[in-house]
Amino acid sequence: MSAPYAKLPRWADYGLIPLINLIVAFLVAGLVVLLVGENPFDAAVILIKGALGGGQNIAYTLYYATNFIFTGLAVAIAFHCSLFNIGGEGQAYVGGLGLSIVCLAFDGIFPWWINFPLAIVASALFGALWALIPAYLQAKRGSHIVITTIMFNFIAASLMVYLLVGPLKPFHSQAPQTRDFLPGGQLPKLGFIFEWMGMRVRTAPFNVSFLLALVASVFVWLLVWRTRFGYELRTMGFSADAARYAGINEARTIIITMMISGGLAGLMATNVIMGDQHHMALDFASGAGFVGIAVALMGRSHPFGIIPAAILFGMLYQGGADLSFEMPEISRDMIVIIQGLVILFAGALEHMFRPAIQAIFASLSPRSVGVEAKAGRGS
Amino acid sequence: MAEAAIELIGINKSFGAVRANRDIHLAVKKGTIHGIVGENGAGKSTLMSILYGFYQADSGEIRVNGKPTRIATPNDAIAAGIGMVHQHFMLVHNFTVVENVILGVEGEPLLRSSIAKARSELQRLEREYGLEVDPDAVIETLPVGLQQRVEILKALYRGAETLILDEPTGVLTPAEADHLFRILRQLKEQGKTVVLITHKLREIMAVTDNVSVMRQGTMVATRKTAETTVGELAELMVGRRVLLRVEKGEANPGDFKLVVEDLTVRDTRGVTMVDDVSFGVRAGEIVGIAGVAGNGQSELIEAIAGIRAAVSGSVLLDGKPIDVTGKADPGELRERGLAHVPEDRHHVGLVLAFEENENSILGYHDQQKYLNGAFLDIPAIRKDAEDKVIKYDIRPADIRLKTANFSGGNQQKIVLAREMEQDPDVLIVGQPTRGVDVGAIEFIHRRLIEMRDLGKAVLLVSVELDEIRSLSDRILVMFDGRIVGERGPDATEGELGLLMAGVEAKEAAE
Numbered sequence: 001m002s003a004p005y006a007k008l009p010r011w012a013d014y015g016l017i018p019l020i021n022l023i024v025a026f027l028v029a030g031l032v033v034l035l036v037g038e039n040p041f042d043a044a045v046i047l048i049k050g051a052l053g054g055g056q057n058i059a060y061t062l063y064y065a066t067n068f069i070f071t072g073l074a075v076a077i078a079f080h081c082s083l084f085n086i087g088g089e090g091q092a093y094v095g096g097l098g099l100s101i102v103c104l105a106f107d108g109i110f111p112w113w114i115n116f117p118l119a120i121v122a123s124a125l126f127g128a129l130w131a132l133i134p135a136y137l138q139a140k141r142g143s144h145i146v147i148t149t150i151m152f153n154f155i156a157a158s159l160m161v162y163l164l165v166g167p168l169k170p171f172h173s174q175a176p177q178t179r180d181f182l183p184g185g186q187l188p189k190l191g192f193i194f195e196w197m198g199m200r201v202r203t204a205p206f207n208v209s210f211l212l213a214l215v216a217s218v219f220v221w222l223l224v225w226r227t228r229f230g231y232e233l234r235t236m237g238f239s240a241d242a243a244r245y246a247g248i249n250e251a252r253t254i255i256i257t258m259m260i261s262g263g264l265a266g267l268m269a270t271n272v273i274m275g276d277q278h279h280m281a282l283d284f285a286s287g288a289g290f291v292g293i294a295v296a297l298m299g300r301s302h303p304f305g306i307i308p309a310a311i312l313f314g315m316l317y318q319g320g321a322d323l324s325f326e327m328p329e330i331s332r333d334m335i336v337i338i339q340g341l342v343i344l345f346a347g348a349l350e351h352m353f354r355p356a357i358q359a360i361f362a363s364l365s366p367r368s369v370g371v372e373a374k375a376g377r378g379s
Numbered sequence: 001m002a003e004a005a006i007e008l009i010g011i012n013k014s015f016g017a018v019r020a021n022r023d024i025h026l027a028v029k030k031g032t033i034h035g036i037v038g039e040n041g042a043g044k045s046t047l048m049s050i051l052y053g054f055y056q057a058d059s060g061e062i063r064v065n066g067k068p069t070r071i072a073t074p075n076d077a078i079a080a081g082i083g084m085v086h087q088h089f090m091l092v093h094n095f096t097v098v099e100n101v102i103l104g105v106e107g108e109p110l111l112r113s114s115i116a117k118a119r120s121e122l123q124r125l126e127r128e129y130g131l132e133v134d135p136d137a138v139i140e141t142l143p144v145g146l147q148q149r150v151e152i153l154k155a156l157y158r159g160a161e162t163l164i165l166d167e168p169t170g171v172l173t174p175a176e177a178d179h180l181f182r183i184l185r186q187l188k189e190q191g192k193t194v195v196l197i198t199h200k201l202r203e204i205m206a207v208t209d210n211v212s213v214m215r216q217g218t219m220v221a222t223r224k225t226a227e228t229t230v231g232e233l234a235e236l237m238v239g240r241r242v243l244l245r246v247e248k249g250e251a252n253p254g255d256f257k258l259v260v261e262d263l264t265v266r267d268t269r270g271v272t273m274v275d276d277v278s279f280g281v282r283a284g285e286i287v288g289i290a291g292v293a294g295n296g297q298s299e300l301i302e303a304i305a306g307i308r309a310a311v312s313g314s315v316l317l318d319g320k321p322i323d324v325t326g327k328a329d330p331g332e333l334r335e336r337g338l339a340h341v342p343e344d345r346h347h348v349g350l351v352l353a354f355e356e357n358e359n360s361i362l363g364y365h366d367q368q369k370y371l372n373g374a375f376l377d378i379p380a381i382r383k384d385a386e387d388k389v390i391k392y393d394i395r396p397a398d399i400r401l402k403t404a405n406f407s408g409g410n411q412q413k414i415v416l417a418r419e420m421e422q423d424p425d426v427l428i429v430g431q432p433t434r435g436v437d438v439g440a441i442e443f444i445h446r447r448l449i450e451m452r453d454l455g456k457a458v459l460l461v462s463v464e465l466d467e468i469r470s471l472s473d474r475i476l477v478m479f480d481g482r483i484v485g486e487r488g489p490d491a492t493e494g495e496l497g498l499l500m501a502g503v504e505a506k507e508a509a510e
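Quick note, the sequences are listed as chains A and B, same order.
Counted the way our numbering counts, the first sequence spans residues 1 to 379.
Counted the way our numbering counts, the second sequence spans residues 1 to 510.
Derived by calculation from the structure, the hints in this document are not laboratory data.
Chain A side only, calculated, beta carbon under 8 Å to chain B, not exhaustive:
{"no.": "1", "residue": "R226"}
{"no.": "2", "residue": "T227"}
{"no.": "3", "residue": "R228"}
{"no.": "4", "residue": "Y231"}
{"no.": "5", "residue": "T235"}
{"no.": "6", "residue": "F238"}
{"no.": "7", "residue": "S239"}
{"no.": "8", "residue": "D241"}
{"no.": "9", "residue": "A242"}
{"no.": "10", "residue": "Y245"}
{"no.": "11", "residue": "A246"}
{"no.": "12", "residue": "G247"}
Distance windows between CB atoms, simulated:
{"no.": "13", "chain 1": "A", "residue 1": "M352", "chain 2": "B", "residue 2": "G66", "range": "39 to 47 Å"}
{"no.": "14", "chain 1": "B", "residue 1": "Q367", "chain 2": "A", "residue 2": "S143", "range": "32 to 40 Å"}
{"no.": "15", "chain 1": "A", "residue 1": "W225", "chain 2": "B", "residue 2": "I390", "range": "22 to 30 Å"}
Keep in mind the model is a prediction, meaning the values are calculated, not measured.
We treat Cβ as the ideally placed atom computed from N, Cα and C, and that holds for glycine.
Please build the complete structure, drawing on both the sequences and the hints.
Laid out in structure tokens, this is it:
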């Protein structure tokens, strides 16, 4: 039995501990870089330059971050209801289907600012419906959501392969993707912001769906902490027994939470498809659904933690691409290793350094450490 | 003066800024039964956890048989001859008695020889102390009293000379408790030392030689049991005079507000926990349900409160039926005037990770006064919580504090404030004072009587016989899922104890 958890000041809880975890992750990553015969300091410089070294780099970083905000929020809201939604990947993928149907139907008819809201609704709806079936099975049949959402990722992948080599593929085309959208299905870029500041962004795909991601973050914060439904979902998340006692409808809460989660994941498609590729290609989600899990863990399932965590992972993606280009010894897989280390230390081993830091804080000034009034919690 | 088996000298222990133990001195004489009493949070459990090696003291010394001893882990404690019987048993349910006894001290990879050794050792212990248990019985088939005996055997098998028992009688019938005390006296006669932690003062008077009282982390007094009284001990515990009996006037019962007819409830395994139970509670009376924990009281109140579906039977709330066999919605029942203080406030009545004000609306969170459309009306919720904190003297008076950081008594007050302030017609209360300190008990009891005098129908379930006897206007005794008797408030403890043990029920069956 360890000493009871004392509270840490907020800045230590949300700033210092993630920072220490991150530093350790990079130290270990540095060892890996050393192992393949490259200089870890040079690698770090290239990585950071690649992520933040210019307008184009920053724009790319934020483009990736946009994806991770959506999927991170999706995972986080389910976490608050103690549901582990591993299906963000599949939900984003199917969300893309909804979005593509809207764009393929209306891109020649309406301008982007009409199609964008329609696409938001369609992608969120399709993502939500893809989460509905696992949610229903969990709520009514007790099938574990982790298993079913993983399975639904595979089902989504297969379904999309069928659609993209069949019905959705233009006749005569050899690529497994939809036709390119007309301008009505393309989102405006936000690169001009950097150009105002005198930076060059070239063709970086940073686009208005980043703003949608920020709106979604505020939406999640309001929903979880300021609404009756959020109260119910948090009650469920902390104690299913208390929820039953409070007359909260368990099945309804699970289903709605998962649908919101799936909807948020589905919104990711606006960034990739409407914002960048302008067609839906095979495997366009490319793992962002899974990165969302790490982002949610690192951001403590709080929207305002998720945004910086998503930007960090965006940096790893963008800087990592540059790194593997400049240092041939470091392949893309190495970047995945570094990401994996960040996930390991920031997520899975989140509490590893906590007791030590608590001890330090407690010895420095007991008053700074919020105390547990319940003293004798022994045995 | 006999040699001290255990001596604690100047023990200090802090958690953050809370000083759980302050300069504690305690000497437990060899071959005695030493009681330690104190309110919840007085530091008894912390002190014993230090002695048993769960925690390390910040400063101070532990001496075992006069020798300074470092106890850093429970293994050190066992090596020093200290054994502990926990409040919640640490047994593997699907193992046999003998398997549990050797758990952790198997000795070698193959179990055969160590089981044989344990078997003969168990026989010896049985002879010496009258600790009879079938070594091949599977734990989950044993009644609680016997499970506790297995815990004692485990400690003795590990060579314990000093035995610490933490609230050992909480789960026992009066008869089982008496048997336990006989065992403890036998242990004492054989030269063992017993440290008994409890909040039940009458047990202290019945069985101990010496008693030490803790209050707010300090050891306030040590007395020879023969030279003190319950009143003095209670006063020492609380630091002021305490009313041990609740003062109340005559009940003025009105119409039946809650009527339960032929209610049968099964648990998740399909075992019948409530068996064809019928009774009624009138406005302006407290009906107490006495019984040893696990005889169906929990399932009974859960079924009435709509948390657990019943198999058959009916419940009338204010003359109108509740759909107890189908989907009774606790939220709807609240609107109809049924409030429920659940037995388990940690997992059911409260969300410990919530702020105090968030818990003060749990279950009532869909009332318009707390809402602003779909949004929570946070100023209204906080104002409401502030009012309750003042009215129920909840301490610390900080509605933004996490609920887990309140003491047991104050947590219970949060629940009571929430349920009582809704002005219900029927109040169901489960274990209102479990893990609650003496000062708060007095407050809670007074509030329950007030509710009665306001004309509410109160259904009280408690395993504390004293509480049932001092609060109830009628007492129902539950045994094995059935109500085996109804008595008035003047029923003796012995009479109720026999009913609780099912004695009369069995005789009637034969």
